[in-house]
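Enquirer: Letter by letter, the chains look like this.
There are 2 protein chains.
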Amino acid sequence: MRQLSVFSRLATSVAVACLIAAPAMAQDAEAIRTAKTLRDRALEGTIAYDVVEQITTRFGPRMAGTDSERAAAAWGEEFMTGLGLQNVRVHEFPLAVWNRGVEQVEVLSPFPQPLTVTALGGAMATPAEGVTGEAVIFRTYQDLLDQPEGALEGKIAVVLQDTPRAQDGRGYGSTSVIRFQGPTEAARRGAVGFLLRSLGTHDHRFAHTGATSVSDDAVPAFAISPPDADQLARMAAMTDEPIRIRLFSTAGFTGHAYSQNVIAEVVGSERPEEIITIGGHLDSWDLGTGAIDDASGIGITTAALKLIADLPERPRRTIRVVWWGAEEVSQPAPAQGLAGARAYADSISDEAANHVAISESDFGAGPIYALGLPEGMGGTEFQRAAMRVLTPLGIVWDGAPARGGGPDTGPTVALGVPAFRLAQDGTDYFDVHHTVDDVIDRIEPENLDQNVAAWAALLWLIADSDVDFRAAAE
Amino acid sequence: MRQLSVFSRLATSVAVACLIAAPAMAQDAEAIRTAKTLRDRALEGTIAYDVVEQITTRFGPRMAGTDSERAAAAWGEEFMTGLGLQNVRVHEFPLAVWNRGVEQVEVLSPFPQPLTVTALGGAMATPAEGVTGEAVIFRTYQDLLDQPEGALEGKIAVVLQDTPRAQDGRGYGSTSVIRFQGPTEAARRGAVGFLLRSLGTHDHRFAHTGATSVSDDAVPAFAISPPDADQLARMAAMTDEPIRIRLFSTAGFTGHAYSQNVIAEVVGSERPEEIITIGGHLDSWDLGTGAIDDASGIGITTAALKLIADLPERPRRTIRVVWWGAEEVSQPAPAQGLAGARAYADSISDEAANHVAISESDFGAGPIYALGLPEGMGGTEFQRAAMRVLTPLGIVWDGAPARGGGPDTGPTVALGVPAFRLAQDGTDYFDVHHTVDDVIDRIEPENLDQNVAAWAALLWLIADSDVDFRAAAE
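Chains W and D, in that order, give the protein sequences. All letters in the first sequence, in the order written, are residues 1 to 474 by the UniProt record's numbering. All letters in the second sequence, in the order written, are residues 1 to 474 by the UniProt record's numbering.
Next comes chain W alone, as it looks inside the complex (with noise of 0.2 angstroms):
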């Protein structure tokens, strides 16, 4: 395997050198005339749609460890056996569950109004008389690091550091240290509450949740409205007096439960032990109907294996798609989500060098415009071959090496698999992410099959294959 690939990337050194386009083997001409079917069979219309469709009006939201998310995961099992996958199975992992329960926030003085918000996934109960204090108005995170041990005792932080709206959702990646630190850092200088503007981009009267570090030295913590932090900031330009606030929450984990992975193959022809793992996570919070997070991701990468599994042919290796629990948010600590994630690495480490690859799918249901494959893949026969069959679709390559495949191949990564990506289009996603509003009205359908396209193309390359992507980055 390995033997070969070093072969294919000295061929393509030397084509590169002479300035001639390396004309593809005989085999990838194959595999490249299967992927470009696959492709343009999923333009014309694919599965996609319809699985977001049916696991969101069955389900609703399927919060980790609900009977809810395991309804689905079992309607899963039997939808997948339906479409011809093979080995279709589902894994149970034990899980504590987060609820959250009843929540309010409203300002006492001297503006009195109700807030809208909503409890950081993970976050703990206020005692049931609320927690009562002067608002302590940052902001950015800085100026609250920037504080004392002490200089906040008693208090109530705010921080209204916006998010920065990017096509990858770096602005995200800037901001979520906010949330999943702030309650901490914030306790910390001895506030006992943390109220954040809500991580996102819309501009509409609801707030976004998400996980929070769970410790004993965390605070009651809330994600208020965008209007409502803007708010906060007119009132404190208003007047001079303390702002109180009031905190209610009856959050918290509440016992123990189980989750459960979702597992599918196409079992390969040739090499059936070497595996690519694609999919999407099942859970999703409670505020939405987690349709681009992540009912998106599962529907997308099940269509594409589907699309394989209906060819005459199978790849020479085995395609598994996951339709992974528990990544929003689950206990034990310290990790938080990605519960099922773990269970999943968990599961294959005795044999993970056969793992050739894994991606997910969890990024939302705009259009793929990117390829990231590992470091060391740029110019290689296969990249060549990927941006052959994808550039059609408006995906290009840049360089950048995929810096990692998704939450969910995280644990997976870390045992040595090598991860790919198929980059989204996330510039609208923090619209609508971890909000009330992800609905599958927010999708539109052409898009899910831009990305199965690529998706289905891509994969049949990889799988279809003998390309070592561990090999490229040595």
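Simulated from the structure, these hints should not be mistaken for lab results. These figures come from a predicted structure and were not determined experimentally. Heads up, some of the hints might be wrong.
[Said to hold, decoys possible] So the derived list for chain D, only partly shown, Cβ under 8 angstroms to chain W, looks like this:
#, residue
1, PRO61
2, PHE111
3, GLN113
4, PRO114
5, THR116
6, ASP203
7, PRO227
8, ASP230
9, GLN231
10, VAL436
11, ASP437
12, GLU444
13, GLU446
We put the beta carbon where it would ideally sit given N, CA and C, even for glycine.
Given the structure of chain W, go ahead and fit chain D onto it with the hints provided.
Expert: Chain D in isolation, oriented as in the chain W frame:
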């Protein structure tokens, strides 16, 4: 007064017949100059946005009869006194207060999940155990009306009809009957509950409230968010099983209280007893902070009066601004809402003949695009003078007479007082109206100033003239 007006209309008719523009009388030329000055000053910036900011930030939601509405009124009295307006006063009136309480609607089977809802204003509570029934889904309201009596026995009626988008709000005009009468019509056919797709044009996952007709015959009634309406339609398409729904609400009228109108004037120099009434309503729904509905209207009309008050001269007639209370929801039955408007009409009923005209700004914060005058005013000298001043603001004369002057003018118009209207572009109004999203973030300050420019200029033309809107219609 009427004498002169008839003369002026005759003169105008002659001028039009001769295809020669009638020269404005000296008096009018000066009034037009002043009106243009007011218009241009407004475009340089007004206090309108500041008023909206103060009201919405200091008082948040201002439900009829609440402490918040009362505090806002007290602030308004002080604020308008500080502006140098005259005869500033508060008129109290009694009403029953409606409280939303707790509300929860969920699909029980076959696809259990919560729905995003809001109780209709004035709707009744469910029994403590809720109301459970099978959903009967109607695509249009007419489909519901076509059902015979008893056809919905024990069922929950669901109407999914869309509200079309329209500049002048006629889409909402066509569907608001569903909200007003739907619960009663459903009950008449045996239904035990009523859901409708939120009126309005947004597609986000929040619901649109608004008054429903309160009667002993009605049933608990809720609006569901547009995505939830789509969700129910998808469920119905996906299963033949009955869709069972549970409704729970603690809404209701709870005790008696007071609301109030806040009144201020610029007293006329020659005929102070002749009054032109303008204004907006101070109360709001509880979901948003009532920025476009209707702190905007208060800001616009108050800012217009302030510009006039700042002139070195007074207009001949009195201009009065009213911050009406309790427009949205109140009792006693059978009339819902407009309690402040009715109290105002009662207070002027003995002197209604002295009331020259009335109008209200209660259609959001969009720019004004058309002038509406009473029937018969087209082609009059006044109409042409007004358009000379308003046209540069992008305002047209389309010949359509003013159909009322806004909700709070209704009871006064019923006394024979003519209405005029400055029609705002409401294309986006029902994206926000009566929802959580009715916040100041939705407002462009420049649009408010364009409104003020039109109001101030038009008010001056009316108040500094002897135009008789009643005569025109005779």
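Enquirer: Taking 8 angstroms as the limit, does the beta-carbon of D/ASP437 come near enough to a beta-carbon in chain W?
Expert: holds (5 angstroms)
Enquirer: Hey, does the D/GLN231 contact hint survive, CB to chain W under 8 angstroms?
Expert: holds (6 angstroms)
Enquirer: Would the stated hint for D/VAL436 survive a check requiring a Cβ distance to chain W of less than 8 angstroms?
Expert: holds (4 angstroms)
Enquirer: Given D/THR116 as an interface hint, is its Cβ closer than 8 angstroms to any Cβ of chain W?
Expert: Since the shortest Cβ distance to chain W is 6 angstroms, the answer is holds.
Enquirer: Given D/PRO227 as an interface hint, is its Cβ closer than 8 angstroms to any Cβ of chain W?
Expert: At 4 angstroms from the nearest chain W Cβ, D/PRO227 passes the 8 angstroms test, so the hint holds.
Enquirer: Quick one, is the D/GLU446 hint okay against chain W at 8 angstroms, beta carbons?
Expert: violated (18 angstroms)
Enquirer: Double-check D/GLU444 for me: the hint is only fine if its C-beta lies closer than 8 angstroms to a C-beta in chain W.
Expert: D/GLU444 check fails; min Cβ-Cβ to chain W is 13 angstroms, beyond 8 angstroms.
Enquirer: Given D/PHE111 as an interface hint, is the shortest Cβ-Cβ distance to chain W below 8 angstroms?
Expert: Since chain W brings a Cβ to about 5 angstroms from D/PHE111, closer than 8 angstroms, the hint holds.
Enquirer: Measuring from the C-beta of D/PRO61 to each C-beta in chain W, is the shortest one below 8 angstroms?
Expert: Hint holds; D/PRO61 Cβ to chain W Cβ min 7 angstroms, cut 8 angstroms.
Enquirer: Let's test the interface hint: is any C-beta of chain W closer than 8 angstroms to that of D/ASP203?
Expert: holds (6 angstroms)
Enquirer: Less than 8 angstroms between beta-carbons is the criterion; does D/ASP230 satisfy it with respect to chain W?
Expert: holds (6 angstroms)
Enquirer: Measuring from the C-beta of D/PRO114 to each C-beta in chain W, is the shortest one below 8 angstroms?
Expert: holds (7 angstroms)
Checked against the numbered hints above, the structure violates hints 12 and 13; every other hint is satisfied.
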